Each structure stands twice: as C-alpha cells, then as structure tokens.
Amino acid sequence: MTESSKTEKFLLAGKEFRSRLIIGTGKYRNHDEMKAAHLASGAEMVTVAVNRVPLDGKVESFLDHLDPSMQILPNTAGCYDTDHAVRTARLAREALQTDWIKLEVIGDEVTLLPDNEQTLEAAKILVSEGFKVLPYFSDDLIVARKLLDAGCPAVMPLAAPIGSGMGVQNPSNLRIMREQLPDAVIIVDAGVGVPSDAAVAMELGADAILMNTAIAESPDPSKMALGMKLAVQAGRMAYEAGRMPKRLYASASSPVEGAIK
Amino acid sequence: MKVFVNGEVKQVPDGIGLGELLERLSMPDKRVAVELNREVIPKTRWAGTPLADEDKLEIIHFVGGG
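Protein chains in written order, with the numbering used here: chain S, 2 to 262; chain V, 118 to 183.
Isolated chain S (complex conformation) (with noise of 0.2 Å):
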C-alpha cells in the first residue's frame, strides 16, 4: 500500500482496527456464506444476538462458526426496555468474558427505531457496571452528548432503519454531528443498503459503519462485502482529502485563455 493509500489509525474504546467495517451475522442462508462474507469484508469484528438456549438437548455454538482472529462484539437485540437491555449485557458479559456491548434498546416493532431515552439510561447503568457501550440510537446530535458525557467510547446513529437498505436519510445530522463532535467515535449502524451508501457515510466523516442486512441478503454475499470493504475505504479517503467546494454554477477546468478564434 502506498503511503497515500493509508488512512488514519481507527481507535476504538483503546483498540486499534485496521477495518472501518464491522458486520453482522444475521440472515446468511448459511454458515459457509457468512464466513466467507466475513473474510471477503476484512472485518475485525462481528456483531451477534443474545438468545435463549433451546431446551431440547441440541445446542450448538453457532460462534464456532465465525474466524476466531474476529472480536466478538455481542448485542442486545430484542430489548424493548432498560432492565430487559442491561441484564442480556450482563449475560452476554458473563458468557463471552467481553465488556464490549452494542446496546440497543428498541422503542418500535415496526420501525425498529431506538428508544433513545431507554439507551441514554441503559448506557449509565452499563458503563457504571464497567462496559464497553457502542449505542444504536437515532441520529440526533444531542443524545450523541448525552451518551458520550454518560461514558460512551463511541456513539452510533442509524442511516436508517434496520434492514431497510435505504441508505444515509438525513446527511446533513450526520454531517452537524460529526463537526459538534470532532473527537468522537461515530459508527454509522443500520440503514446502509449498497456501497454508495457507505461512501457517503464515510465521506460526511463516520469513523465506521456497522452492517449486516446489506451484505447477508445479497445473492453474492462475498461479491457484495467485498464491495463494502472497498466503499469505506474510498469514503474515508475522500473524508481525509477532504472535497471540493459544492458550486451551483460551472467552473472551467481547461484554460480559458488562449483557444484559437
């Protein structure tokens, strides 16, 4: 890779990423897709759900399925409410020996949009506990505070809601959230549906993106994560170089002067 090539370290609660990619495991048709996904995106780290063991004797680890170089990051998935969301975090904590947690504390069957309220107060009680919160939370630059003064390593706003594919809805809060917040982490999580997608997000400045639908529903998965690799990396370099000035009106780039009359 040539020096201009190289993007800026991604820290991340004290550990450094090669990837600004973080993807998913939901919703593969089958194990050797994923896994193969997972090794086309070059992720670090992968998210997975909490859920109840099944009593009928066949318990397998579906995490004996994922790279074990990946960081296993779980979530709280499912949870309508704050105690239902800090007691899977423990869980979770207590079975995989990881303070690190996406917590996600859902206000819509529907819309699967989070409760950020519930978030704000889970978050607390999570990291007075000790834990690594990454938030999923709407993208709304005053809670981003609100979680970040609670302790937060990071925050992550939605590009829209999950599974839904429709991309960054609402640039312009991502973009105010990113210059409000110049030293936060920003993950863009839920709502990225394509590459462009993930470019204009890494472009309006997120440090990352989180994604799963995108990927684990596309007939090729592997094709497609590879796509997003390549998209992050495209977008955070635009956001390093920073862009040209928007302009309504046309600029010449040849010279003006000097054409034959």
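I should point out that these hints are in silico values taken from the structure, not numbers from a laboratory. Just so you know, these numbers come straight off a predicted model, no measurement behind them. Note that beta-carbon positions come from the ideal geometry of N, C-alpha and C, so glycine has one too. Don't take each hint at face value.
[Claimed, not checked] Here chain V is said to cover these stretches of chain S; the calculated rule only asks that three of the stretch's residues, wherever they fall, bring their Cβ under 8 Å from a Cβ of chain V:
1. 22 to 33
2. 37 to 51
3. 60 to 66
4. 132 to 138
5. 226 to 234
Please build the complex by placing chain V on the supplied structure of chain S, with the hints as guidance.
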C-alpha cells in the same frame, strides 16, 4: 418442585442444585450464561447454587445478529 427455564415449566427433584439441573439439560459449560431470578450466576458458582420452588432461570447462548 417446579422451576421455570427459559419460560418453560420443569418438574425437578426437591433440593436440586443449579449445576445438576444444567447437566440434566445437557447444557454446555462454554459460551452460555445463566441468570437465576434476574441475577447472573457465574460458571464458578453453578455447582454450589441451590434452587428453590418457583425459581426463574434464563439460559442464553449466541445466534446470528446485526
């Protein structure tokens, strides 16, 4: 006595311990976690934890998710 495991009623002998119950359920001891009446019981304490009638247990593992 009866206990609730992941929402299911289970009839178990009086005085059974948590460790013994988990063995009966063929529960692996890795990458699962157990909550008894809303309190996480670390693996090191499974063997010595007694159960009582109407206890509520949640046993979790991990599945694919985003």
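Now for the hints, and whether the structure bears them out:
By the rule of at least three residues with a Cβ nearer than 8 Å to a Cβ of chain V, the coverage given for the region 22 to 33 of chain S holds, with 5 such residues. Chain V is given as covering the region 37 to 51 of chain S, and this holds because 4 residues of the stretch bring a CB closer than 8 Å to a CB of that chain, at least three being needed. Requiring three or more residues with a Cβ within less than 8 Å of a Cβ of chain V, the coverage given for the region 60 to 66 of chain S holds, as 4 such residues are present. With 0 residues carrying a beta carbon less than 8 Å from a beta carbon of chain V, the region 132 to 138 of chain S misses the three-residue requirement, and the given coverage is violated.
Counting residues of the region 226 to 234 of chain S whose beta-carbon sits less than 8 Å from any beta-carbon of chain V gives 0, not enough to reach three: the coverage restraint is violated.
Checked against the numbered hints above, the structure breaks hints 4, 5 and satisfies the rest.
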